[in-house]
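If you read the sequences in order, they're chains A and B. Taking this note's numbering, I'd label the letters of the first sequence as residues 11 to 266. Taking this note's numbering, I'd label the letters of the second sequence as residues 66 to 512.
Some clues are possibly wrong.
Stated by the list, open to error - Here are the simulated SDA-like pairs of lysine to any residue, each with C-alpha atoms no more than 25 Å apart in a straight line:
(1) B:Lys405 - B:Ala123
(2) B:Lys471 - A:Glu88
(3) B:Lys405 - B:Asp367
(4) A:Lys114 - B:Leu461
By construction, these hints were calculated from the structure, which means they are not laboratory data.
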Amino acid sequence: MALLEIKNLHVGVEDEDIKILNGVDLTLDTGDLHAIMGPNGSGKSTLAAVLAGREEYEVLDGEILYDGENLLELEPEERAEAGVFLAFQYPVELPGVSMTNFLKEAVNSVREARGQDELGSADFLQYMRERADMMGLNADLTKRSVNEGFSGGEKKRNEIFQLAMLEPKLAILDETDSGLDIDALKNVADGVNKLRSEDRGFLIITHYQRILDYIVPDHVHVMLDGKIVRTGDKDLALELEEHGYDWVREEAAAAA
Amino acid sequence: MSTTALDTSVRPEDRFISAFEVNHGEALNGTNASISKQRTDAIERFAELGIPTNNLEAWKYTDISSVIDRPYTLPLAPERPSLDTDDIAPFLIDDLDAHRVVLINGRVDEALSDIGDLPDGVVVSSLAQAGSTHPDVVEEHYGKYADFEDEALTALNTAFVQDGAFVYVPSGTVVEKPIFFLHLTATEQDLLLQPRHLFVAEDGAIARIVEAQHSLSDAQTFTNTVSESFIGEKANLEHYLIQDQGPSASQVHTRAAQQKDDSVYTTISATFTGEVVRNNVTIEADGSFCESNFYGLVVGKDDMHVDNHTFMGHVQPDCSSNELYKHVLNDESTGVFNGKVFVSRGSQRIDAYQQNDTLVLTKDAEIYTKPELEIYADDVVCSHGATTGQIDEESLFYLRSRGLSKRRARILMLQAFAQEVIDEIQLDSLEEHVAERVRTRFSSYFA
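So that you can see chain A by itself, here it is in the shape it has in the complex (with noise of 0.2 Å):
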C-alpha cells in the first residue's frame, strides 16, 4: 500500500471563486523521496497546505490516502500525530514559547498517540540534544523563544530539526530551500539525506533544482497550473534547470 496517494484532487479557496489544484495525481510510496517543482503560482504550495490540513483551503473533488485513511478527515494536529509533518515555506515566530516546551509538548502528544510513554524532563533534554548534535543545530536556539529573532536560515534549519524531533511517517518540505545561502542549503540537504529512511516518504516541494544536487531525489514531478503535467526521475530537474518551465508548459498545450 502506497503511504500517500493523491487521485484526482482539486482544490479552491474557500469562499472564493477561485481554484488552485486542478486535479492532482500523485503516489508515493514509503522510502521514496519526490520532488514537486513548478513556477510561482503552480499550485505546488498549495498542495502541501491541504496535506497539513490548513483551513483556508476547500477539497472541491477528489480524495487523499494516507496509510489507507481518508487524511482529509483529520484535524491538522491529527495529521501530526498520524505521522505526517510540514516543513513551513514561512516558518512563524512565537515569541514566549519556549522551544524546549514547545517541542516538548510535541514530542509527547505524537509519542502519546503512537502508543510510547511520554518523556520525563531530563530524558526529553537528553533527546533534545542528540537531535540538536545530529542535525548540527545550535543548541543556544533550543534554549529562544521558537524562531524568535532566528535568521532565515536558522527558521529553515529549525524546521528540519523538528521533524527530526518528531520522526514523522510523511515529510513534506515547502520551499525549504528559499532563501538560503550555501551553507545553510548544504545543512538542510544533510539533515534530510541523515533522515532518509525505509520508513518515511519525502515530498519535496522546490521552485529550483539546485537542492536536488544534494538531495537525489527518487521520482521528480512537475506541476503547471495546478496539474502535475510531468514524472520522471532526477534527470528530469535537470533539464528543467536547463530549459526553464516554458519547455514543459508548450508540451503540455500542445498535448491538452
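Once you've looked at the hints, dock chain B against the given chain A.
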C-alpha cells in the same frame, strides 16, 4: 457604634457627608495630627467634586457611581472577625519567604501576621500605629503624593481614613525578604472599605512589597484603597499587586508614587477577578535619572470590568519610563486602558515608552484604549502603541501541525502573550504563583 449603615434614601454623596458628620470628632485612627487635619478639607473637596460619572472623560468607560450607590455598611471602628491560620492558608504564596502582614477588612490582624525579624530601623506596621510611633515620617509623606484636589475617591478615602499598611525603610537599608501584605475581606454584610497605605523607602533603600487582595465572602464589597509610595534618591522599590477579590467585589485602587534622583520604582499589577476594578496609577519622577516601570496584566472572564488608568509625570530631565499593560479578555469582560505621559517644560532627554496590547477572545468582550501624551519639552523620545486582536491563526496552525491540540495551542499562545508581563516579576516565587494562576485561568477558557 462600630458601623454606620449608609442611608440609601439620599444621594450617595450625602450619605458619606452625613456619615462623616455623625462621626466627626471621633478619633478614628489615633491622634495623628497630620492625618486628622486633612480629613475636613477632604470631605469638603469630596462634596464639591461628587462621585465621578461617565460624563467625566477620565471615567467615560467605567461606571463607578452605580457601584458606589449600593446599600453598603461603612465600618468605622475596628472589627475583628475571628479567623485563624487555616482561613488564610489558601491565599499564601508558595515559597514566598516574606515578612507577612495580614489585614482583615483594611485593618492589621496581628495574630495572623508574621513579620519576623526586620533590619534595624525598618518598620512594618499598621498606619494607625505608625501615626503615633513615627509621626514625623507620617507627617512628611502622608497625603503628599495622592492628591485629592481632582480625585473624589482619594478625597473620600482621606476623609474616612482609618488604617492600612505602613512600611518605612530608612536611608541606605536593604530589606532582603519581600514584605507581603495579604488583604482579606471577611464579612457577612455588604461593606465599603477604605484602606490607606504608606510606603516610604528613604535614600538608598531597597525593598520589595507584595500585596495580594482576596475575599472570604460573597457579600458585595467596594474597596476604595489609596496607597502612597515615596522612593528616595538612589532607592529601589518594587511594588506588586495581585487583585483577586472575587466576582462580587469592586474597587478603586489608587497607587501614587513619587521618586527622587537616580531612583527606580517598578509597580506590577495582575488582575484576576473583580466586578469593577479601577486602578489609578500615578508616578511622579521628581528627580533626574529616575527609572519608572509600570506593568499590568488583566485576565478577564465573565462580565468583569477592569480599568487601568495611568499617569506618568516627568517633571525633571534625564529620566526614563516603561509602561506595558496587557489584557486577555474572554466572555463578556471589558478592559479599559488610559495611559497619560506628561513631560514638563525643561524636562529634557526623557525616554518614555508605553504599550497596551489586548487579545479579545469573544465578540462580547470589549477593550477601550487611549494613550495621551502631553509634552512640553523638545528633546524627548516618547513612543506609544496599542494593539488589539485575536490569537494569531497562523501561529495556531503552526502549533497544531506539530501535534498540539487546538486547545493546548490556544492556551500556549495566551501564556506566551501574558509572559512578557510575568517576566518582569523579579521574585521567582511570585512569578511562578502568577504564572500558575494565569495558566489555570487560560485552561478554564477552553474547558
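These are the hints, each one checked on the structure:
1. B:Lys405 - B:Ala123: Between Lys405 (chain B) and Ala123 (chain B) the Cα gap is close to 11 Å, so the pair holds against 25 Å.
2. B:Lys471 - A:Glu88: Holds, at about 10 Å.
3. B:Lys405 - B:Asp367: 28 Å, violated
4. A:Lys114 - B:Leu461: 17 Å, holds
The structure fails hint 3 only (numbered hints given earlier).
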